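J.: Protein chains in written order, with my numbering: chain A, 1 to 330; chain B, 1001 to 1853.
It is worth saying that the hints were derived from the structure and are not from the lab.
Certain hints may be false.
Unchecked claim - Partial list, derived from the structure: chain A residues whose beta carbon lies under 10 Å from chain B: (1) L18; (2) I23; (3) E25; (4) G27; (5) G47; (6) K276; (7) A283; (8) I289; (9) V297; (10) E309; (11) I312; (12) T316.
The structure displayed is predicted, hence computed values, not measured ones.
Just so you know, even glycine gets a beta-carbon here, dropped at the ideal spot from N, CA and C.
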Amino acid sequence: MATKVKREIDVGEAVGILAAQSIGEPGTQMTMRTFHYAGVAEQVPTGLPRLIELVDAKKEPKKPLMDIYLSPEYAKDPKKARTIADDLECTILSQVAEISEDFVEKKIDIVLDEKNLEFEGLTVEDVKKTIKAAGGTVTSSGNRVAVKPNTTSLRLIRRLTNKLKGMHLKGVEKIKRAAIIEAKDGIFIRTYGSNIAEVMKDPRVDAKRVFTNDVKEVERVLGIEAARNTIIRETKQVLDLQGLNVDVRHIMLLADAMCMDGAVKSVGRHGLSGEKAGVLARAAFEETIKHLITAAVKADDDKLIGVTENIIVGQTVPVGTGTVRLKFKH
Amino acid sequence: MLVSKMIDRVKFTIFSPEMIRKLSAAKITVPDTYNDDSYPIDGGLVDPRMGVIDPGLKCKTCGGKLRSCPGHFAHIELVRPVVHPEFAKVVFFVLKSTCPSCKRVLMSEKQIQDIADQMEEESDLEIGSKAARKAKKVPKCPHCEEKIEEVKFLKPTTFYRGKNMMLPSEIRDWLAAIPDADIKLLGLDPTYARPEWMIITALLVPPVSVRPSITLETGDRSEDDLTHKLVDIMRINQRLEANINAGAPQLIIEDLWELVQYHVTTYFNNETSNIPPARHRSGRPLKTLSQRLKGKEGRFRYNLSGKRVNFSARTVISPDPNISIDEVGVPVAFAEELTVPIKVTAWNIDKCKEFILAENYPRAEYTVRPDGKRILVNEASRQEILDTLAIGYTVERHLIDGDTVLFNRQPSLHRVSIMCHSVRVLPGRTLRLNPIDCPPYNADYDGDEMNLHVIQSEEARVEAEMLMKVHKQIISPRHGRAIIKPQEDHVSGAYFMTRNDSEFTRAEACQLLAIAGITKLPESDRKGNYSGRLLFSLLLPKELNLRIKSKVARKGDENDPESWITIKNGMLLSGAIDARAYENEILEKLIQLRGHEEGKRFLDISTRVCLSAITLHGLSVSIANYAASEEAQKRLDEIQDTMRREVDGSVVQFKNGTLERAAGKSMRETLEERIMAITSKTRDSGGAVLEKSLGYENTSIIMAKIGARGSLLNAIQMAAMVGQQAVRSKRLSRGYRGRTLLHFRRGDIGAASRGFVQNSFRKGLLPTEFFLHAMGGRESLVNTAIRTARSGYMQRRLINALQDLVVASDLSVRDSRGIVVQFKYGGDGIDPIKSQSKGEVLEVKKAPEDEAM
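Work the whole structure out from these sequences, hints included.
T.: Structure representation (structure tokens):
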């Protein structure tokens, strides 16, 4: 006979603290090492540094990565997949050309490397067109291009040089490298550098299965709900990789709290903790004086609704058995 | 607990000078503290009207004594006003946003109306301040057409209008003239925080109890830093007054004025940027108001968020496997010092009297009358107390067996770092803890200290027993798996006890069963002897069934019954118990079936039986465990030779440029990767050789396999080779130019010179190997130190961000403001503790009575 166990969470349970402890405590057991992902040569932060990165809701991860799954006809053939990967990898002018400044003549000399151009599947004409878009008077002979800027200021010339160097010739911007990975569930492309908005436009790509480790980018492109899922996915991945077992519910709660009001907020004084209700709670966390001063100027009330505030004044904390308030009639 | 009064809210405001004067118990007039007879000077900075800190004296304001008088504020009248340094930024904002002539906000009537409407609607001051911050600079005042001269702010307290410095008195007049309605538009609350109050005319002086002076052994008094600072302010203030009265030139007056400003600034915050900190005679910077509040050792984090408690104890812990997991051994010396308050009732009055009557432990220490008066129990008072003791009194008696206490070990990283135990008073001088309880506390016995807290109220006791008792924490909420579980010797014991060849004589069987409290000897299953499996099965619940693969099973042994741990109706039929079977399958299943109490009983009994079993059986580990046979040693040497050849081969290829480059890597990186792969392969194949050579009856290998202690890697390092050392996941490379040590040739990038340790720990390392091994060791030590600091801070932030999230009565998760974070906790409302194996959601069949409903 199977007995029914009450498996529901208890009302009043301090699930926030539980989640924070369940994610924080294993932190002491994590390694600081970087991880070497197959195909992408970079050392990708994992373990504690990556977890901190996630919790900080950094604008961009240290090593942005994408896992791109392909539409059915490409998903089985590594050769076909390779063509997509080649198309994704972006090429900038400095990769196929020698760029030098001539400050005497006040011009910039560009020598295109035809071998490299061919390797990348580009023609000299293509490149010239791109260079023209940068501005200045362009004169060319064979693989030599000279740009005469409209200005004589050395500083502006240098600025133009830098602009030229970074000029995007082909592929998807920001994607520095793409590798084919053959996994059990089919072939996918792992890229170093992340740009889901552009990649998802490619019809050869299974747009529903384009993953990135850049939470903020997901928020920008796909919205808050997707960002929340990314936080959960990434956090879980970090913990799993370390062989640490943490219930998803804790990670979900963290992600939900970070995405609570429609924008990804960091855990810390500039995010969740800085926007708490209680003056005392904020003062007790960080930047004590600043919080006290602004509270005085606005004549703020601390309604003593949080945990820290009640500890400070020595009252029962509104958590667990402390949530029950009974009044006696005399 | 009955609470008769509660604080509803705390309001933060700025004191007006009028308010300060009203609050003040004394006006400070003398820049000094004590006179020559060491009496406090009237009107001095320790004026007795501010309260007293010397025992015996009486407060001149409230008549209270040392303990009963809370202290009273006084004030200093500043002859010339100064800017409050912490509010200077706000002052700047207000000046910038208002007109110097008509004192109105520099916004058009329409803008003003819009903001006012919006603020009315949302009753939020924030809107005003945001709007004003956004407002563009205007060349002319929209109200009076006056040309606006830009106000500049030079940190920390100086303001310029155009090119002229503004005196604080000018600023004050300006601020005072701004109408209330316009102040509101700037995000300030005019009833509680008029901007002119941010310019100080009357300075509040905290009572002496806030800045007590210390009497040194020599009899000299040493004043608090704040008192020193206040003396400075008073002294310059008086000099300024004298100069003004004497009609001194404006230049001198302004110099002194600035000096007052400096002292006031450092009085509030001695770490103000662009200002030299005020120093003590010894050169130590003074600790002023800001420094008292701020940071880890500041008032907020040190005294308000964390409070010190009585009725607690701390000392070294040591193991005692014979006490229950929910007990803690307390030394008699502690039990005689710690007390428990007992309310006297009709049912326990006789027992209470016994404690009062007793002269030695356990006796009563104090009694408390219903009116709160405490009476020490001693020779003199004993009889009187006995005569007057009645229902309603409280007796504070010594700690005795069975009392409820909380036990804790820092760092308290999760909730199982503090659990409820019941007391076992034991001889000795350490706190005793069952070794099974070590993982939740993360404790060991190498000198760890732990804290004990004696619960002082009935309500707290009930909560602790119901929520924090050790047996309720066997399953961790982190993953729903056991965290308090059999370990090391318990697992070894269970394994050796339940092996197929394990038999016990009748006498041994009796002994084992007696430990478990089982008095009925089952029928012999091995011709008068008893198999260990039979005895172990007696500890299992009858409804337990399981079949899992044993960890010791070798490949290809799938048909051997010993490769499978089979339990049928609580009888262990085949296979020897390993760690996974013991903790996950048996312990966790048992708790699911029969609850936490049974889980505790099982842990207590089974571990004790297993320990006895392993004592009977014997288990030794010696250096001989790691002696590889001669043949194996030869194989190992061969493997290492192959490795060296391969590495050298790769190096040659690299130098010739014939090495095949890996995608996206330089030649050098490719080589390094190749060599790393070769060396790790070498160690692995060494492990395989070793495993074969050491055999399956090697105790070290067995313990590694069943999950009791150690790993195969440990054995390999001890018996075969230590292997490649690495720093930052790369082979060692730093040291001298082109080499790690002088013992190698420059440019040698072979195995040995880059940190491959070919010797085993047993054989001993070469001096070079030893040094290179230490390089790897250093890195891991450094990493551990950094990691602790970083993860500690991350956890503090996590806790702070999430601490107010609580499950509401509709199973939604809300923060303290009532804002919903999750509509249903975890999406399914299921408690991670009860989520069972790995937190997956399991279907639970309905019980028959549910279906009837």
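J.: Each hint: holds or not?
T.: Checked hints:
1. L18: 6 Å, holds
2. I23: For I23/A, the interface hint holds, since the closest Cβ of chain B sits about 6 Å away, which is under 10 Å.
3. E25: 4 Å, holds
4. G27: 3 Å, holds
5. G47: This interface hint holds because 9 Å falls under the 10 Å limit.
6. K276: 7 Å, holds
7. A283: Holds, about 6 Å.
8. I289: 5 Å, holds
9. V297: Holds. Min distance 5 Å.
10. E309: Hint on E309/A: holds, closest Cβ of chain B at ~8 Å, below 10 Å.
11. I312: 4 Å, holds
12. T316: Because about 7 Å separates T316/A from the closest Cβ in chain B, which is inside the 10 Å limit, the hint holds.
Violated hints for the displayed structure: none, as all numbered hints are satisfied.
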